[in-house]
Amino acid sequence: MPSRTRYFDLTGKKAMVIGADNPAGGAIARAYAEAGADVALCALTPDEAVMRARAARRDIEAMGRRAPEYIMDVMLGKNVQVTTRQIVKDLGGLDMVTIAPDAFLAKPIEKTTDTDLARVMQVNFSAHFFAIRAVAEEFRRQQQPGRIVCVTSVLGERGLPNTAAYGAAHGAVHNLVRAASQELAAEGIMVNGIALGWMDWMDDRISPEDEEAQRAVRFTALRRRGQPEEVGPLAVYLSSEVATRYITGQIFPVDGGLLQHL
Amino acid sequence: MLERFDLDGRAIVVTGGGRGLGRGMAMALAEAGAAVMVASRTEEQLAAVAEEIRDAGGTASYFVFDATDSKQTDDLVAACVAEYGKIDGMFANAGIGGGTNAEFWEYPDWAFEEVLAINLKSSFYSCRAASAQMIKQGTGGTLVTTSSGTAMRGNRGFAYPTAKGGVLSLTKSMATMLAGHDIRANCIVPGYVSQRPAADDQERAFREQRGTFMPVQRLGEWWELGPLAIFLASDASSYVTGGHFIIDGGGLAGGLGPVKFRPRNEG
Numbered sequence: 008m009p010s011r012t013r014y015f016d017l018t019g020k021k022a023m024v025i026g027a028d029n030p031a032g033g034a035i036a037r038a039y040a041e042a043g044a045d046v047a048l049c050a051l052t053p054d055e056a057v058m059r060a061r062a063a064r065r066d067i068e069a070m071g072r073r074a075p076e077y078i079m080d081v082m083l084g085k086n087v088q089v090t091t092r093q094i095v096k097d098l099g100g101l102d103m104v105t106i107a108p109d110a111f112l113a114k115p116i117e118k119t120t121d122t123d124l125a126r127v128m129q130v131n132f133s134a135h136f137f138a139i140r141a142v143a144e145e146f147r148r149q150q151q152p153g154r155i156v157c158v159t160s161v162l163g164e165r166g167l168p169n170t171a172a173y174g175a176a177h178g179a180v181h182n183l184v185r186a187a188s189q190e191l192a193a194e195g196i197m198v199n200g201i202a203l204g205w206m207d208w209m210d211d212r213i214s215p216e217d218e219e220a221q222r223a224v225r226f227t228a229l230r231r232r233g234q235p236e237e238v239g240p241l242a243v244y245l246s247s248e249v250a251t252r253y254i255t256g257q258i259f260p261v262d263g264g265l266l267q268h269l
Numbered sequence: 109m110l111e112r113f114d115l116d117g118r119a120i121v122v123t124g125g126g127r128g129l130g131r132g133m134a135m136a137l138a139e140a141g142a143a144v145m146v147a148s149r150t151e152e153q154l155a156a157v158a159e160e161i162r163d164a165g166g167t168a169s170y171f172v173f174d175a176t177d178s179k180q181t182d183d184l185v186a187a188c189v190a191e192y193g194k195i196d197g198m199f200a201n202a203g204i205g206g207g208t209n210a211e212f213w214e215y216p217d218w219a220f221e222e223v224l225a226i227n228l229k230s231s232f233y234s235c236r237a238a239s240a241q242m243i244k245q246g247t248g249g250t251l252v253t254t255s256s257g258t259a260m261r262g263n264r265g266f267a268y269p270t271a272k273g274g275v276l277s278l279t280k281s282m283a284t285m286l287a288g289h290d291i292r293a294n295c296i297v298p299g300y301v302s303q304r305p306a307a308d309d310q311e312r313a314f315r316e317q318r319g320t321f322m323p324v325q326r327l328g329e330w331w332e333l334g335p336l337a338i339f340l341a342s343d344a345s346s347y348v349t350g351g352h353f354i355i356d357g358g359g360l361a362g363g364l365g366p367v368k369f370r371p372r373n374e375g
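If you read the sequences in order, they're chains H and G. This note's numbering applies: residue 8 is where the first sequence begins, and numbers increase by one. This note's numbering applies: residue 109 is where the second sequence begins, and numbers increase by one.
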């Protein structure tokens with residue numbers, strides 16, 4: 008069912024979702040399509056991630072939109088650039104991008120190896136940098152406004168034991184959003200973020216034996232975990248050319264109020 | 109998913125809805141399907157907004173009240189219930205600069221109290237009255253306050269930012285206290301946004317010049333808070349509460365130098 012207002016209508020627009028194989032990326036890809044966009048789906052690894060992206064593809068094609076699949080190696084800036092170029096050619100343009108890679112790691116600092124840290128920083132942070140760099144180049148080439156949405160975590164705003172590496176990577180994304188917004192605003196390219204709280208697909212991030220874990224969910228004001236379909240609408244809003252002409256450099260929470268209380 | 113943005117069947121009050129950003133939000137909410145009640149002190153403006161909404165096929169009514177008076181604010185919510193049978197949303201948006209230009213060390217009591225009353229007490233009264241009714245209904249609802257970018261940084265004219273900072277804190281506390289009643293509370297933080305279309309070329313030129321200080325190279329326009337209002341009033345934001353939503357053309361994300369300042373050292 009279409010929205011009653013023009014603000015959230017993406018009919019005819021071209022979108023790319025990096026990390027369409029994870030729940031947040033998949034939900035946003037479906038939301039883009041429901042709003043009327045064709046969506047290029049980027050899985051990050053050539054394994055079962057492709058099958059997860061393909062599930063989104065089936066849903067989107069059933070809506071009558073195009074949803075070509077790609078494998079994008081976000082560890083390599085050049086691969087991100089080349090794949091983005093290909094996507095723009097295949098879709099015939101690009102209006103919005105969601106960047107949603109997510110490699111969770113929860114380890115004490117002293118157990119976090121050099122390799123762990125490098126991988127966490129690359130997937131969670133560098134991927135955003137590579138993608139913004141590649142996408143800004145495409146938007147400039149088109150000489151049209153564009154929208155970039157970075158999906159991040161509340162752990163980029165606050166400290167939590169065992170998440171030093173992961174939280175630092177997301178904190179880096181938050182300031183990447185702010186700095187990129189300043190660099191790209193005058194060209195009509197808006198860069199914003201969505202910081203997720205405890206979502207219902209994150210149960211594997213807590214130990215079932217941890218008595219504190221259930222109390223952690225209760226730290227959320229709404230006393231429940233978020234669902235994938237609660238992420239999509241904000242991404243559509245922040246990707247809409249007409250609705251988001253005066254918003255940039257912001258990280259908006261979809262966290263049930265987790266960040267907002269003492 | 110997109111039906112989450114629809115406000116069909118929702119009754120929403122917008123204080124300060126006779127002009128400026130409140131008017132813009134009221135019109136957007138009505139466009140998304142809400143039955144809107146605009147409220148302020150100025151009947152002429154309210155009647156015009158309500159008529160404009162109805163002419164566009166929407167549902168609107170108005171209520172004349174003084175937002176700094178708690179009894180009149182309770183009456184406003186009662187009027188919404190009388191008109192629409194309930195209240196689902198409160199945009200506590202009434203507010204204005206006010207005060208005086210006196211230096212801080214000479215700033216008079218009356219001016220500080222006036223600015224706090226218009227901007228902060230009014231927000232408390234509106235949200236208190238609305239939440240009491242929402243809890244009575246057992247339906248939940250949404251509260252949306254209007255703060256200001258000036259609340260996030262120090263600047264001259266301290267009374268207004270102080271009051272608007274209070275609005276921000278009020279909102280986060282409301283989110284915490286009211287979540288158990290299924291009431292969400294969020295805060296809109298506008299930067300430089302024009303309250304109405306430019307009246308003449310001179311005003312247009314002034315705005316263009318001021319716009320060059322913004323990262324997006326222009327000022328915001330009165331209607332641009334509309335989509336944000338719809339998002340926060342609707343189920344599109346069902347997992348969002350206590351948030352503050354800065355809409356300022358990138359100003360607060362930067363601000364470490366003139367907008368065209370770019371350090372360089374390419375190694």
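Treat the hints with care, as some may be off.
[As the list claims (entries may be wrong)] 20 Å max Cα-Cα, derived SDA-like pairs, lysine to any residue:
#1 K368/G x A143/H
#2 K96/H x K114/H
#3 K368/G x R326/G
#4 K179/G x R149/G
#5 K229/G x R149/G
#6 K114/H x N169/H
#7 K368/G x Y77/H
#8 K368/G x A193/H
#9 K368/G x N182/H
#10 K368/G x Q317/G
#11 K194/G x G117/G
#12 K229/G x G274/G
#13 K368/G x E190/H
#14 K368/G x E76/H
#15 K244/G x Q317/G
#16 K368/G x R304/G
#17 K368/G x R147/H
#18 K368/G x E316/G
#19 K85/H x K118/H
#20 K118/H x M128/H
#21 K368/G x E216/H
#22 K179/G x N209/G
#23 K96/H x Y77/H
#24 K368/G x G195/H
#25 K194/G x K229/G
[Claimed, not checked] Cβ-to-Cβ under 10 Å is the rule here; a few derived chain G residues that face chain H:
#26 V189
#27 A190
#28 Y192
#29 K194
#30 Q245
#31 G288
#32 Q325
[Said to hold, decoys possible] Listed next, the stretches of chain H that the computed footprint assigns to chain G, with coverage defined by at least 3 CB atoms under 8 Å from CB atoms of chain G:
#33 18-25
#34 63-72
#35 240-246
If you are wondering where the hints come from, they were derived from the structure by calculation, not from laboratory data. All figures in this text were calculated on a predicted structure; none of them were measured in a lab. Think of the CB as a built atom: it goes at the ideal place given N, C-alpha and C, for glycine as much as any other residue.
Verification of the supplied hints:
{"no.": "1", "hint": "K368/G x A143/H", "result": "holds, 18 Å"}
{"no.": "2", "hint": "K96/H x K114/H", "result": "violated, 41 Å"}
{"no.": "3", "hint": "K368/G x R326/G", "result": "holds, 14 Å"}
{"no.": "4", "hint": "K179/G x R149/G", "result": "holds, 14 Å"}
{"no.": "5", "hint": "K229/G x R149/G", "result": "holds, 16 Å"}
{"no.": "6", "hint": "K114/H x N169/H", "result": "holds, 5 Å"}
{"no.": "7", "hint": "K368/G x Y77/H", "result": "violated, 37 Å"}
{"no.": "8", "hint": "K368/G x A193/H", "result": "holds, 10 Å"}
{"no.": "9", "hint": "K368/G x N182/H", "result": "holds, 18 Å"}
{"no.": "10", "hint": "K368/G x Q317/G", "result": "holds, 14 Å"}
{"no.": "11", "hint": "K194/G x G117/G", "result": "holds, 10 Å"}
{"no.": "12", "hint": "K229/G x G274/G", "result": "holds, 9 Å"}
{"no.": "13", "hint": "K368/G x E190/H", "result": "holds, 9 Å"}
{"no.": "14", "hint": "K368/G x E76/H", "result": "violated, 39 Å"}
{"no.": "15", "hint": "K244/G x Q317/G", "result": "violated, 50 Å"}
{"no.": "16", "hint": "K368/G x R304/G", "result": "violated, 27 Å"}
{"no.": "17", "hint": "K368/G x R147/H", "result": "holds, 18 Å"}
{"no.": "18", "hint": "K368/G x E316/G", "result": "holds, 16 Å"}
{"no.": "19", "hint": "K85/H x K118/H", "result": "violated, 31 Å"}
{"no.": "20", "hint": "K118/H x M128/H", "result": "holds, 16 Å"}
{"no.": "21", "hint": "K368/G x E216/H", "result": "violated, 53 Å"}
{"no.": "22", "hint": "K179/G x N209/G", "result": "violated, 31 Å"}
{"no.": "23", "hint": "K96/H x Y77/H", "result": "holds, 13 Å"}
{"no.": "24", "hint": "K368/G x G195/H", "result": "holds, 15 Å"}
{"no.": "25", "hint": "K194/G x K229/G", "result": "violated, 23 Å"}
{"no.": "26", "hint": "V189", "result": "violated, 25 Å"}
{"no.": "27", "hint": "A190", "result": "violated, 26 Å"}
{"no.": "28", "hint": "Y192", "result": "violated, 18 Å"}
{"no.": "29", "hint": "K194", "result": "violated, 20 Å"}
{"no.": "30", "hint": "Q245", "result": "violated, 19 Å"}
{"no.": "31", "hint": "G288", "result": "holds, 7 Å"}
{"no.": "32", "hint": "Q325", "result": "holds, 5 Å"}
{"no.": "33", "hint": "18-25", "result": "violated (count 0)"}
{"no.": "34", "hint": "63-72", "result": "violated (count 0)"}
{"no.": "35", "hint": "240-246", "result": "holds (count 4)"}
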